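S.K.: Spelled out from the first residue to the last, the chains are:
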Amino acid sequence: MNEFLQHLVNMLVLGGTYALLGIGLTLIFGIMNVVNFTHGVLYTFGAYVMFIVVQQLGLNFFLALPVAVLAGWLLGALIELTLLRPLRGSDIDTTMLVMIGAWIAMQSGTLWIWGGVAKSVATPFPDAPLVLGPVSVSWLRLFVLAAAALLILVTYLLINRTSLGRAMRATFQDQDTASLMGVNVDLIYTSTFAIGSSLAAAAGALLGPVYVIFPQMGDLAAVKAFAIVILGGLGNITGAVIGGFILALAEELGAGYVSSGYRDAMGFLIIIAVLIFRPTGLFARAERVG
Amino acid sequence: MRIVVTILAVAALASVPLWLRDPYLLNALITTGIFVIGAMSLNLLLGFTGQLSLGHIAFFGIGAYVSALTSLGFDIGLPGGWRLVHEPWPPIVGLALAILIAGLCGYFVGLLSFRVRGAYFVIVTISFAEVVRLVALNWVELTQGPLALTNIPSIVLPLPGFGEMTLRTKLQNYYLVLVVAFIAYLLIARLVHSHFGRAMRGLMENETLAVSVGIDVTKTLTLAAVISAAIAGAAGSLYAHYIRIIDPEVFAFINTVTMVIMVISGGKGSLAGPVVGGLIFGLLPVALRPIMAPEAQWIAYGGVLIAILFVLPRGIVPSLVQRFVRRRSGTNSLSPVALAETGAKEPA
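Chains as they are written, first to last, in the working numbering: chain C, 81 to 370; chain Z, 16 to 363.
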């Protein structure tokens with residue numbers, strides 16, 4: 081029982097960052113209909129920004145997080161403007177392959193600049209974990225959960241309470257009608273991609289210090305993000321949050337009770353199972369974002 | 016015209032070992048040839064049915080592992096205390112089994128994944144390949160996991176009346192790969208120009224219309240997946256017996272991407288496309304090696320993929336054919352008949 085409680089606590093911490101990853105991807109996938117293979121690279125990018133700011137520039141850990149979010153936002157906007165905007169209207173396979181090309185180039189660029197040796201980031205948190213009865217959790221992980229929750233809340237408010245969010249939801253429902261109503265669809269696309277990318281970078285910046293940072297860390301993260309999006313349904317933010325926690329639970333239980341080697345197989349198995357048995361996602365409500 | 020070009024191309028490829036003595040380049044040509052076979056099989060799905068499978072390396076890897084395990088033998092425990100012991104069989108049987116089992120996997124994967132289309136199909140196929148990779152990594156008793164299967168024997172060709180020939184040298188393997196590639200090419204060409212090929216292309220152009228004229232979608236797509244997977248399995252088997260060591264890294268996603276780049280750059284839906292694109296992209300690392308670090312090569316690889324999609328979205332072969340046909344006929348537009356002749360997809 082105690083072991084199970086510990087798994088639940090781990091699930092909460094992991095699930096928060098998974099939800100961030102999933103929200104970013106579900107916005108891009110849902111609104112722009114782009115299968116974003118650079119999502120994992122943005123996750124890696126966020127982690128490396130953390131590394132640069134904290135380890136190489138020697139600045140404050142808490143300052144590094146907003147820097148990573150902002151840097152992810154800028155890189156996302158850049159990718160959208162240079163690669164996706166010229167391809168608007170081409171078929172989904174072409175944009176997907178262009179995204180794969182960008183992913184390979186950026187990941188190799190990371191490897192070239194920083195090398196393949198895993199890096200770690202020093203944190204201001206005490207090493208001793210917080211012990212609550214039968215479970216223990218490190219202060220860093222608690223901070224990660226709190227920061228992820230805050231970012232999820234901000235995104236939720238952005239989508240549901242601002243005029244930009246309303247325009248994004250309108251574009252998701254019907255791009256042509258939204259355009260006729262005066263929504264600048266090009267601007268919405270760039271914003272969506274930039275916001276999604278900044279969330280991926282935030283997830284990387286939060287989980288990077290928990291584990292280690294290396295150029296290929298984003299590959300699995302990207303697959304997990306796809307699993308979460310498929311689980312939660314396209315463009316469904318609430319679905320992505322729930323999907324993030326379900327995936328985290330499946331991984332924790334899979335690693336704890338099956339075999340730790342198959343921990344990362346859980347995401348793929350979920351993808352296959354959901355698409356075969358319930359292709360619209362568990363919480364299908366594809367007609368709106370929010 | 017077509018036949019002349021094909022014969023000339025095969026003759027040119029067959030003559031390569033006569034004037035090329037460098038073993039490094041010959042090695043690059045053999046591995047490129049093996050990947051070209053994989054790319055041709057991918058083209059059957061991507062170019063002729065329009066389904067972008069990004070898990071294609073799974074069938075290649077399954078073929079490699081089946082063939083290696085058949086010729087090495089294994090001894091694994093089964094639930095309930097039973098043991099499954101397999102004595103080594105000749106590698107040529109491994110090749111046959113690789114084709115068979117990869118095809119069978121293609122059948123089941125096709126049956127399940129063709130329930131979804133577009134982006135979802137892509138993600139299911141990637142997931143399948145990753146699950147297979149994780150099984151190869153974790154089922155250590157069978158696959159040795161990351162320690163790799165080593166000392167895989169070379170293919171032994173039985174020659175009736177002359178005994179047998181072990182294909183150990185690069186020269187022998189070069190011709191083996193060339194022959195298998197040629198057979199695969201002919202098989203795909205025959206398929207594409209058959210009734211079945213027209214059904215596949217009909218599906219790609221307009222699925223609803225194809226269904227309305229009585230094309231069985233699932234059956235057509237699944238059959239294409241089976242043949243495609245079987246050919247990829249054959250390529251994997253050749254790879255295992257040539258390289259003679261196989262580890263789970265064979266399932267790396269980047270290998271699928273390499274095949275996709277070969278197909279896209281050469282021209283999807285064109286029979287010669289994967290061959291041309293495959294030779295260019297297979298030999299590009301060789302050309303870049305003296306002037307670039309490996310990481311920089313991969314950056315260039317990604318950049319070239321993007322550039323091709325922007326500049327030549329239909330691929331090299333269809334663009335060249337279009338130019339050639341235009342000059343001969345003296346018109347600016349390419350007639351649908353000419354397009355059908357070249358096997359190219361019409362511009363969107």
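Think of the hints as simulated: they come from the structure by calculation, not from any bench.
Among the hints, erroneous ones may be present.
Unchecked claim - Restraint-style ranges between C-beta atoms, simulated for each label pair: (1) G318(Z) to I172(C): 31 to 39 Å; (2) V338(C) to P309(Z): 48 to 56 Å; (3) T165(Z) to S216(C): 39 to 47 Å; (4) F325(Z) to F142(C): 40 to 48 Å; (5) P305(Z) to A226(C): 38 to 46 Å; (6) I356(C) to T223(Z): 42 to 50 Å; (7) G178(Z) to D171(C): 49 to 57 Å.
Said to hold, decoys possible - If you want the footprint, here are the derived chain Z segments under chain C, 3+ residues with CB under 8 Å: (8) 53-59; (9) 269-276; (10) 321-331.
Said to hold, decoys possible - Some residues of chain Z that are not near chain C, with every Cβ distance over 10 Å (derived): (11) I18; (12) R36; (13) I116; (14) V137; (15) V150; (16) N153; (17) T181; (18) R183; (19) G229; (20) A302; (21) Y316.
Every value quoted in this text rests on a predicted model; they were computed, and no experiment measured them.
For every residue, glycine included, the Cβ atom is placed at its ideal position computed from N, Cα and C.
S.K.: Could you tell me which of the numbered hints above are not met by this structure, giving the numbers in increasing order?
M.R.: 1, 2, 5, 6, 8, 14, 15, 16, 21
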